[in-house]
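S.K.: Take the sequences, apply the hints, and build the full model.
Those sequence lines, one after another, are chains A and B. In terms of the working numbering, the first sequence opens at residue 1 and continues consecutively. In terms of the working numbering, the second sequence opens at residue 1001 and continues consecutively.
Hints should not be assumed to be uniformly reliable.
[Stated by the list, open to error] So, partial list: chain A residues that the calculated Cβ filter (under 10 Å) puts toward chain B:
{"#": "1", "residue": "Phe-50"}
{"#": "2", "residue": "Ile-62"}
{"#": "3", "residue": "Arg-65"}
{"#": "4", "residue": "Gln-108"}
{"#": "5", "residue": "Ser-109"}
{"#": "6", "residue": "Ala-131"}
{"#": "7", "residue": "Asn-134"}
{"#": "8", "residue": "Gly-137"}
{"#": "9", "residue": "Ile-145"}
{"#": "10", "residue": "Ala-146"}
{"#": "11", "residue": "Val-147"}
{"#": "12", "residue": "Arg-153"}
{"#": "13", "residue": "Lys-154"}
{"#": "14", "residue": "Asp-445"}
[Stated by the list, open to error] Capping the alpha-carbon separation at 25 Å, the derived lysine to any residue pairs in SDA-like fashion look like this:
{"#": "15", "chain 1": "A", "residue 1": "Lys-252", "chain 2": "A", "residue 2": "Ser-224"}
{"#": "16", "chain 1": "A", "residue 1": "Lys-154", "chain 2": "B", "residue 2": "Cys-1036"}
{"#": "17", "chain 1": "B", "residue 1": "Lys-1002", "chain 2": "A", "residue 2": "Glu-158"}
I should point out that these hints are in silico values taken from the structure, not numbers from a laboratory. We treat Cβ as the ideally placed atom computed from N, Cα and C, and that holds for glycine.
Chain residues, written in single-letter form:
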Amino acid sequence: MSTATDSRTILINPVTRIEGHAKITIHLDERGEVNDARFHVVEFRGFEKFCEGRHYTEMPQITPRTCGICPVSHLLASAKACDAITGREIPRPAKMLRELMHMGQIIQSHALSFFHLSAPDLLLGFDSEPALRNIVGLVHQKPDIAVKGVLLRKHGQEIIKLVGGRKIHADFPVPGGVNKTLTPEQRDTILKGMPAAFEMVSFALDLLKGYHKAHLAEVEDFGSFDSNYMGLVQPDGALELYDGNLRFCDAKGEILHDQIPPAQYLDYIAEAVEPWSYMKFPYLERLGYPTGMYRVGPLARLNLCSHIATPRANAELQEWRAKGRVRTSSFYYHWARLIEIVYALERAEQLLRDPAITSTDILVPNDPQNPEGVGIVEAPRGTLIHHYWVNKDGRVEKVNLIVSTGHNNLAMNKGVQHLAKKYVKAKKLQEGMLNRVEAVIRCYDPCLSCATHAVGKMPIAIELQDAGGAVLDTLRRDPSS
Amino acid sequence: MKVLVIGYGNDSRNDDGIGWHVVAELQRRQLPGVTCATAHQLEVDFAETVRDFDRVIFVDAAIPESPRPWWREEVVPGFRSHAVAHFLTPGDVLGLCQTLHGSAPRGVLFSIRGHDFNFGTNFSPATRQAADEVVQQIVTELQA
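M.R.: What follows is the structure, encoded as structure tokens:
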């Protein structure tokens, strides 16, 4: 702990090797009460510039390399933006194969988030020894759960590999379609793994529902706040992860805008810039900044969709909504993730059982017809937007990427702010705050892969400062502890 | 002996992708019994992958402040807590493998000092020079 002075800002520095630099500052007002929180991240601006001058057909190969965590999402959003530049509808089998690959991505990413990052908090306790509160600690204490997590993630990775040829940086989606068919043998291999995958996610759902029942008060209050929501939906309002149009809802679930074509996103989303962060601050233009704060990702998608088009996931959705149409607690992200795994498994099975999935009609010509193109997918963490402007030769002149963690930027600040109000007392950081700040950030599963590394230089720290900027109090944890 | 070489880093960030370069050079030499892999970062799946090998060689870029152009160290299986990260360290990979499967291969990490981590796909001369030395060192060890 540092020596107390007259400072009124709390600084949390959860920065990591390869996923970028980030820190959180919590600001106190003149009375010493928490009134703001800021999540600072090094973001994609440099990367957008890096893409300029490339031929647009290269973009699906370049943009996924920003990220080792959700490259498939970047790949698909990029390919869709390129499709829009070609102005041609891709063949249905190509669309199905892309969506199948995306379902693999949702399964593997959500499984990683739940079993490896969040389950140790839930099953070992927020205040258990940090050095043991991780996947290895989980293996030691709950080996069956950890192994299920590994296997469920592996199933998602296998789908990606079998459909796309590789687990990361697959070059399979290309402007105009895909460049590889799915063989009947590959289809059958994926289908064979489905029953076990359903069993594993059912197990996780039971586990999480049990936690909700046992810790109801904390669950409902954990990073809970009103916000707007954004995500893709199908034409009838059903949950959509690969295609569809945008829907915006308010804090009560009332629809603000519906069926907005991806190409029109800039008519509804504006981006603010703050001098203290490289990260963009997207907001709903109609409501202004920062009132137009919205959340994306699993919680947002389940809050705004009318229903889910697959039976098991829809039944889970109804249970999720049993206590109210809209869930405001950030904790519900975890449950929403598991429901989305159920959907992804069901949807993948639907796609695999469609005879067109092994069709060879997978590609159309991809010469540029339009000066710009927008591609949007629902990445595991939320809405991912790729927007390219090209010249007549197809060279990229400008790029705009809005990533899920960017959309959630304001919301993560709000979640930390909500938590800090409970854990900052008399200008002091209370015991347990660091654990819970980590946990509330994990609800959003932010991915900061745009930056490179500084191994050994990335501690986690909370600093309490006043308006003058001097340090009042500090909590700190190095990654090795 | 089955050997896995994993070069990892962001290959769109100049010197951060030097591990990929080392792997490409080793692949070109077609060394018997050696499997090569590249990755943006180490993830939990590698805990499964490495179990099939006797030895794993990790190759990564290191920060500009590193004291030497490159260095070699034995990897100690273990596991560290990461607040919001999705990556593992080489020690994490072997530690998780050991926890899940009861044993883990021997691991070695080669760290190569990077100088330029801006967006791009070019290596700085000093980093490339160090990488060439690392390739030679790995070849020598594998042929010993």
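S.K.: Now tell me if each hint is right for this structure.
M.R.: A quick look at each hint next to the structure:
1. Contact between Phe-50 of chain A and chain B, as hinted, is supported at the beta carbon level, the nearest pair being about 4 Å apart and thus within 10 Å.
2. For Ile-62 of chain A, the suggested interface contact is upheld, since its CB lies about 7 Å from the closest CB of chain B, less than 10 Å.
3. Taking 10 Å as the C-beta contact cut-off toward chain B, the hint placing Arg-65 of chain A at the interface holds, the least distance being around 4 Å.
4. Contact between Gln-108 of chain A and chain B, as hinted, is supported at the beta carbon level, the nearest pair being about 9 Å apart and thus within 10 Å.
5. Checking Ser-109 of chain A against chain B by beta carbon gives a least distance of about 9 Å; that is within 10 Å, so the hint holds.
6. For Ala-131 of chain A, the shortest C-beta to C-beta distance to chain B is roughly 6 Å, which falls under 10 Å, so the interface hint holds.
7. The interface hint given for Asn-134 of chain A is met, as the beta carbon of that residue sits about 5 Å from the closest beta carbon of chain B, less than 10 Å.
8. Nearest Cβ of chain B to the Cβ of Gly-137 of chain A: about 8 Å, under the 10 Å cut. The hint holds.
9. Because the beta carbon of Ile-145 of chain A sits about 12 Å from the nearest beta carbon in chain B, more than 10 Å, this interface hint is broken.
10. With a least beta-carbon distance of about 7 Å to chain B, the hint placing Ala-146 of chain A at the interface is held under the 10 Å criterion.
11. Restraint check, Val-147 of chain A versus chain B: the minimum CB separation of about 7 Å is within 10 Å; hint holds.
12. The interface hint given for Arg-153 of chain A is met, as the beta carbon of that residue sits about 7 Å from the closest beta carbon of chain B, less than 10 Å.
13. The beta carbon of Lys-154 of chain A comes within 7 Å of a beta carbon in chain B, closer than 10 Å, and the hint placing it at the interface holds.
14. At about 8 Å, the closest approach between the beta carbon of Asp-445 of chain A and any beta carbon in chain B falls short of 10 Å, and the interface hint on this residue holds.
15. A distance of roughly 13 Å separates the Cα atoms of Lys-252 of chain A and Ser-224 of chain A; the hinted pair therefore holds under the 25 Å criterion.
16. For a cut-off of 25 Å, the pair hint linking Lys-154 of chain A to Cys-1036 of chain B stands: about 20 Å separates their Cα positions.
17. Between Lys-1002 of chain B and Glu-158 of chain A, the direct Cα distance comes to roughly 23 Å. Compliance with the 25 Å bound is thereby established for this hinted pair.
The structure fails hint 9 only (numbered hints given earlier).
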